[in-house]
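Chains as they are written, first to last, in the working numbering: chain W, 189 to 578; chain S, 189 to 578.
The set of hints was computed from the structure by calculation and includes no laboratory data.
Be aware that a few hints might be false.
All copies of an identical chain are treated as equivalent in the list; a pair is satisfied when it fits inside any one copy or across any two copies.
To be verified - Listed below are the simulated EDC-like cross-link pairs for lysine to aspartate or glutamate, each with C-alpha atoms no more than 16 Å apart in a straight line:
no.: 1; residue 1: LYS266; residue 2: GLU241
no.: 2; residue 1: LYS455; residue 2: GLU571
no.: 3; residue 1: LYS424; residue 2: GLU223
no.: 4; residue 1: LYS450; residue 2: ASP235
no.: 5; residue 1: LYS322; residue 2: ASP279
no.: 6; residue 1: LYS398; residue 2: ASP443
no.: 7; residue 1: LYS322; residue 2: GLU420
no.: 8; residue 1: LYS455; residue 2: GLU439
no.: 9; residue 1: LYS542; residue 2: GLU555
no.: 10; residue 1: LYS529; residue 2: GLU557
no.: 11; residue 1: LYS450; residue 2: ASP260
no.: 12; residue 1: LYS424; residue 2: GLU252
no.: 13; residue 1: LYS343; residue 2: GLU539
no.: 14; residue 1: LYS516; residue 2: GLU545
For clarity, every value in this text was computed on a predicted model and none was experimentally measured.
There are 2 protein chains.
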Amino acid sequence: MKKLLMACFAFTVLTGIELMGQQALGGGQAIVSPEIHENHTVSFHLDAPHAQEVKLTGDWMPVEGWVPGSVDMTKNEKGIWTYTSEALEPDLYGYAFLVDGLRINDPNNAFVSRDIATLTNIFMVDGQQSELYKVNPVPHGTVSRIWYDAPALNKKRRMTVYTPPGYESDRKSYPVLYLLHGAGGDEEAWMELGRASQILDNLIARGKAKPMIVVMPNGNVIQDAAPGEGSEGFYKPAFMIPKTMDGTYEETFMDIVNFVEKSYRVKAKKSHRAIAGLSMGGFHSLHISRYYPNTFDYVGLFSSALVPNQNPGATVYQNIDLSLEQQKQNGYKLYWIGIGKTDFLYRANLEYKKKLEDMGMPFTFRESEGGHIWKNWRIYLSEFVPLLFN
Amino acid sequence: MKKLLMACFAFTVLTGIELMGQQALGGGQAIVSPEIHENHTVSFHLDAPHAQEVKLTGDWMPVEGWVPGSVDMTKNEKGIWTYTSEALEPDLYGYAFLVDGLRINDPNNAFVSRDIATLTNIFMVDGQQSELYKVNPVPHGTVSRIWYDAPALNKKRRMTVYTPPGYESDRKSYPVLYLLHGAGGDEEAWMELGRASQILDNLIARGKAKPMIVVMPNGNVIQDAAPGEGSEGFYKPAFMIPKTMDGTYEETFMDIVNFVEKSYRVKAKKSHRAIAGLSMGGFHSLHISRYYPNTFDYVGLFSSALVPNQNPGATVYQNIDLSLEQQKQNGYKLYWIGIGKTDFLYRANLEYKKKLEDMGMPFTFRESEGGHIWKNWRIYLSEFVPLLFN
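Only chain W is shown next, with the shape it has when bound in the complex (with noise of 0.2 Å):
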């Protein structure tokens, strides 16, 4: 045997690009980036010699029209593109390379966040707040993409659930949070971009937060499941998506309860059942929970899409100043709004907080810094999840 292997070839003269073989497809470039320094500025370097113009936009800067602006790199005499930023505040952020006009990802950086149909790079500045999104030496809950049947919508259908650290191992039941993605996101996005397993992971490490399982559905009732995952195969994922918006989410959600507390070890009661979403899905979340109001006892909403009715004609959005007035009898625990201070959707979140203080619906309203971004979510997320099942 050991003349047999010698006889191959000498191991040691395998390189990577040897072993990796014929799949090899280019492959990376010698760089690193980004690179985080100690004081928490961060270099961008790109390879690029035959690039005129290289521009580095992130989402850390200031927003120009929809979008964050971009800053001009700076190319060395071996057209290597630089820019180093200021120093960045503890948090996850993304970035992209714009060559000659051109949007680009960082060839150097394999970690990237789908957000719709757009890759984004991703990095982490370390600190008070990032912490809770790191994996830390904590013990971790299992994530698990499980499909069940949706008898309502008539398909099988995908769903990303969160169970917490020991669920394997004990005989316990537990609290259920539901929780909701925005528009053009699915079953993916709260953990992709939103941190969820890392923040509930050091949350219940830390005795913040009570173990609990975390159910992500797929908001979109006409996909089985996220873009590249379901039975649409790979295709461009679109932002507008039809039946969002018209009830039809609200009418068959009980499928998704259902199958949960059919499957998992879960108390299956109001004390111990929560609902949030982010945008589309705090639209959601404050429909779901007031069309069934006795079924929720903790409610989040995160910079919530206050938009009209899409479809006037939808019974679901009938009666709702009835069943808000019915959700408040019947009493729930929490009722929680977060909106930014430059959200696009702030006046219409102002709006609603009047409408609840004429209501006298109690409620807690969170008023932060920025915009409808995931920064904030991550840490409306972070807060909402202590006040839970206490």
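Given chain W's structure and the hints, the job is docking chain S onto it.
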């Protein structure tokens, strides 16, 4: 409520970029790429008016040196570069653009696979073989990322586990396939590049494979999880990782088996355990199966990296012939070897075949076209799985 909602603004004027708001980073182009035509030719497009030269590289192109070749794309008057391939046989493919020498992903294709430090766009051409790789309207298994205790390595580690359709609702026990990745891979590789869950779903639905659990552990013992998913955070993944082929994985593998047999409903006996892997994972499967010669009745070596022992002092590689002899005497049901005729490991696998013949160890030898590529490993998996647990 209606008044409030209508007062905010007219939702109908909201376009994607507006509701997405400040979070949008640039955004995609209005192009669809790739376009897969009915005759199985594929068109690729890139809007890059300032580029001097744009090439396309794809893993269906003839290999030049160690990497696939490339072809020139043609620019039209609007600055959009296009290339249309010949008809491609049904499969999953990877590609990238080379813009003035800079390798970039297709900004109009949100789907990529990570292989070591490189992201590669993917697409699928439909047909008989790739039908196994699609999400079809069949019952789907659950895919979980779960952390386990590895006392022999003194850390918590992450694995990917496929449980077959029905696992959550029935009370049956299942056989287990341990499926190992290659060098530079991790517990995500068989899911992301190997389409393992789709292959299992489809074979089980067709009655071609027994329902089984598939455990995909991480064979890089110094990692706790795939790059970006573990305690090391985001960093540039390397191809060569210390301690991958020095016996440590083989010596500590029973931590994985023990965890699986404690945590899942499995048939915990030799006749219901299989182990298989690609490249370095084939090397691991060879050694693990002989190191525990009474544990696995099914062994699969896919393009196995039959390379010399990297750590001559390691006890795990002592007495190889003796332990193979023991494995033979104990008996097993299947010893399956797959290798491509142009694989750089072809000769080494032929020599191993001869060694087994000389020893009188029964085996199945599957020689295929092609080299050291995922296309072959998906085919080998889809041929190997139907042979298990019969």
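Against the structure, the hints:
1. LYS266 x GLU241: Classified as within: same-chain Cα gap 15 Å, cross-chain 20 Å, threshold 16 Å.
2. LYS455 x GLU571: The answer is neither: 23 Å in one copy and 44 Å across copies each exceed 16 Å.
3. LYS424 x GLU223: between (32 Å within a copy, 11 Å between copies)
4. LYS450 x ASP235: neither (54 Å within a copy, 50 Å between copies)
5. LYS322 x ASP279: Within one copy only: 10 Å inside, 37 Å across.
6. LYS398 x ASP443: Intra 25 Å, inter 29 Å, cutoff 16 Å: neither.
7. LYS322 x GLU420: between (33 Å within a copy, 9 Å between copies)
8. LYS455 x GLU439: neither (23 Å within a copy, 42 Å between copies)
9. LYS542 x GLU555: within (14 Å within a copy, 73 Å between copies)
10. LYS529 x GLU557: Within one copy, since 5 Å is at most 16 Å while 61 Å is not.
11. LYS450 x ASP260: Neither: 55 Å inside a chain and 56 Å across chains, both beyond 16 Å.
12. LYS424 x GLU252: neither (26 Å within a copy, 31 Å between copies)
13. LYS343 x GLU539: Neither: 38 Å inside a copy, 51 Å across copies.
14. LYS516 x GLU545: within (12 Å within a copy, 78 Å between copies)
Against the hints set out earlier in the document, violations occur for numbers 2, 4, 6, 8, 11, 12 and 13.
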